[in-house]
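A.B. asks: In case you want the letters, here they are:
2 protein chains.
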Amino acid sequence: MPRTHAALPRLHVEPDLAANAQLTLGKEQSLYLAAVLRKNVDDEVVLFNGRDGAWRARITSDSKKSVGLELVEQIAPQSPSSDLWYGFAPLKTERLDYVIQKATEMGVSTIQPVITRYTQVARLKHERLVANAIEAAEQCEVLNVPAVPTEISLDRLLDSWTTEQGNRKLILADEGENVSSPVEAIAALRGTPVGILIGPEGGFSDQERAKLRAQPFVVPVSLGPRILRADTAAVAALAVIQAIIGDWR
Amino acid sequence: MPRTHAALPRLHVEPDLAANAQLTLGKEQSLYLAAVLRKNVDDEVVLFNGRDGAWRARITSDSKKSVGLELVEQIAPQSPSSDLWYGFAPLKTERLDYVIQKATEMGVSTIQPVITRYTQVARLKHERLVANAIEAAEQCEVLNVPAVPTEISLDRLLDSWTTEQGNRKLILADEGENVSSPVEAIAALRGTPVGILIGPEGGFSDQERAKLRAQPFVVPVSLGPRILRADTAAVAALAVIQAIIGDWR
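Chains as they are written, first to last, in this note's numbering: chain Z, 1 to 249; chain X, 1 to 249.
One should not assume that every hint holds.
All copies of an identical chain are treated as equivalent in the list; a pair is satisfied when it fits inside any one copy or across any two copies.
[As the list claims (entries may be wrong)] Below, computed lysine to any residue pairings styled on SDA-like, alpha-carbon distance capped at 25 Å:
| no. | residue 1 | residue 2 |
| --- | --- | --- |
| 1 | Lys92 | Gln207 |
| 2 | Lys211 | Val36 |
| 3 | Lys39 | Gly202 |
| 4 | Lys92 | Ala230 |
| 5 | Lys92 | Asp43 |
| 6 | Lys65 | Glu14 |
| 7 | Lys92 | Leu8 |
| 8 | Lys92 | Gln139 |
| 9 | Lys92 | Glu138 |
| 10 | Lys92 | Glu135 |
| 11 | Lys125 | Glu73 |
Simulated from the structure, these hints should not be mistaken for laboratory data.
Sequences and hints are given; from them, build the entire structure.
C.D. replies: Dropping the structure here:
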């Protein structure tokens, strides 16, 4: 995709975006634009809210506490929202930021932290995860910011799956043997909503794996003969899903 | 794949590995084992050299300057070497380490730095790239360390491709429009050796792209509607290649 207005800063905002609308940024975004990026009156930025596409906007007042903007024109229509659920066992902090950035780039619609027996991070800062997803969308020129629900235990996720997710299948990236090559298994899911679950660095416990495999909605697939780090596995699995049944087609 | 002896440190060494062979580590690896990991006589490690599989070895002397080892038994046969060429335009340093780690995890056989017009790093420390690849193989339990040739200009790469690479096709991850969905384009290459070229953060120049597209051995594919960072694009493209025509089958 050609990069349109790639040089302009991109900001995610809450209000509706429409021609000639005026809006005022909050304190943090104002400080970022006015002090960090040193933007002044008449400089331009790109705004998006996840609903109304991307808009070119002009700075009308440049206080470090409150930057005013006027919308000039829509430069990209809202991209169709994807429907791809991504569950992951939280990793050490630096990799956590990375995983959320990558999942956003790969076009997931939901990023669900799932607490497993061998999960390395017990207390998650939920606001930070949400902020990471927004920042990733700003940087990667993605117009849909993934939803980031609060964490859920693996048990509760599985027990409530059918109620919450309907007929969605859950693709399980499994290091165990005797699992399908991913291409055929994923191609067979065309037309069905899917999710992908990536386990923690230490893998699932035997009990967790047995419970996962006993669920009728779980589709175990292999990600090849090498051991992948959880963050690599996430990008790899999402790429194969997007290529075969997702929006890369 | 189940993790065998996952708790033991893994070291890449040069000598041949065989039952009862004795070997002495160099200064850096000795310091690492004896001082950093605090390993002592009778502790065990796993050794591999890219040819003879993985071997369990026992420490026989533990000086910080020179650790002696005796090979106990082969714990994994040498995995078949892959044949997947990966070319990339070098990124900022921190992402460079990451890209080499990820390419090694994804099972490439060659990691070729390619200098393009918008390449961000002009002077590469070649020894560091090689050390990164070895470290990544040690950490990810990969038994084949990718070759890391010194950098080459895009022009020279293309001009010498057929002479150097024979009938290998070069898959080009292209942000331009009018390129094939990757699944069919990659599936059509089954049985042919392939490489993948990922451009720099700023993309290829128009002239570079025109030259690339004019080569009969170049196969442009799309990695979907979103703009991916170069490091994400690398993992994503390698995953789709390994899943469709590589060793994930």
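A.B. asks: Now tell me, hint by hint, if it's right for this structure.
C.D. replies: Status of each hint after checking the structure:
1. Lys92 to Gln207: within (23 Å within a copy, 42 Å between copies)
2. Lys211 to Val36: Answer is neither; intra-copy 49 Å and inter-copy 39 Å both fail.
3. Lys39 to Gly202: Classified as between: cross-chain Cα gap 23 Å, same-chain 46 Å, threshold 25 Å.
4. Lys92 to Ala230: both (11 Å within a copy, 23 Å between copies)
5. Lys92 to Asp43: neither (39 Å within a copy, 28 Å between copies)
6. Lys65 to Glu14: Cα proximity of Lys65 and Glu14: one copy only (18 Å, versus 61 Å across).
7. Lys92 to Leu8: between (32 Å within a copy, 21 Å between copies)
8. Lys92 to Gln139: both (22 Å within a copy, 16 Å between copies)
9. Lys92 to Glu138: Intra 23 Å, inter 20 Å, cutoff 25 Å: intra and inter.
10. Lys92 to Glu135: both (19 Å within a copy, 20 Å between copies)
11. Lys125 to Glu73: The answer is neither: 36 Å in one copy and 46 Å across copies each exceed 25 Å.
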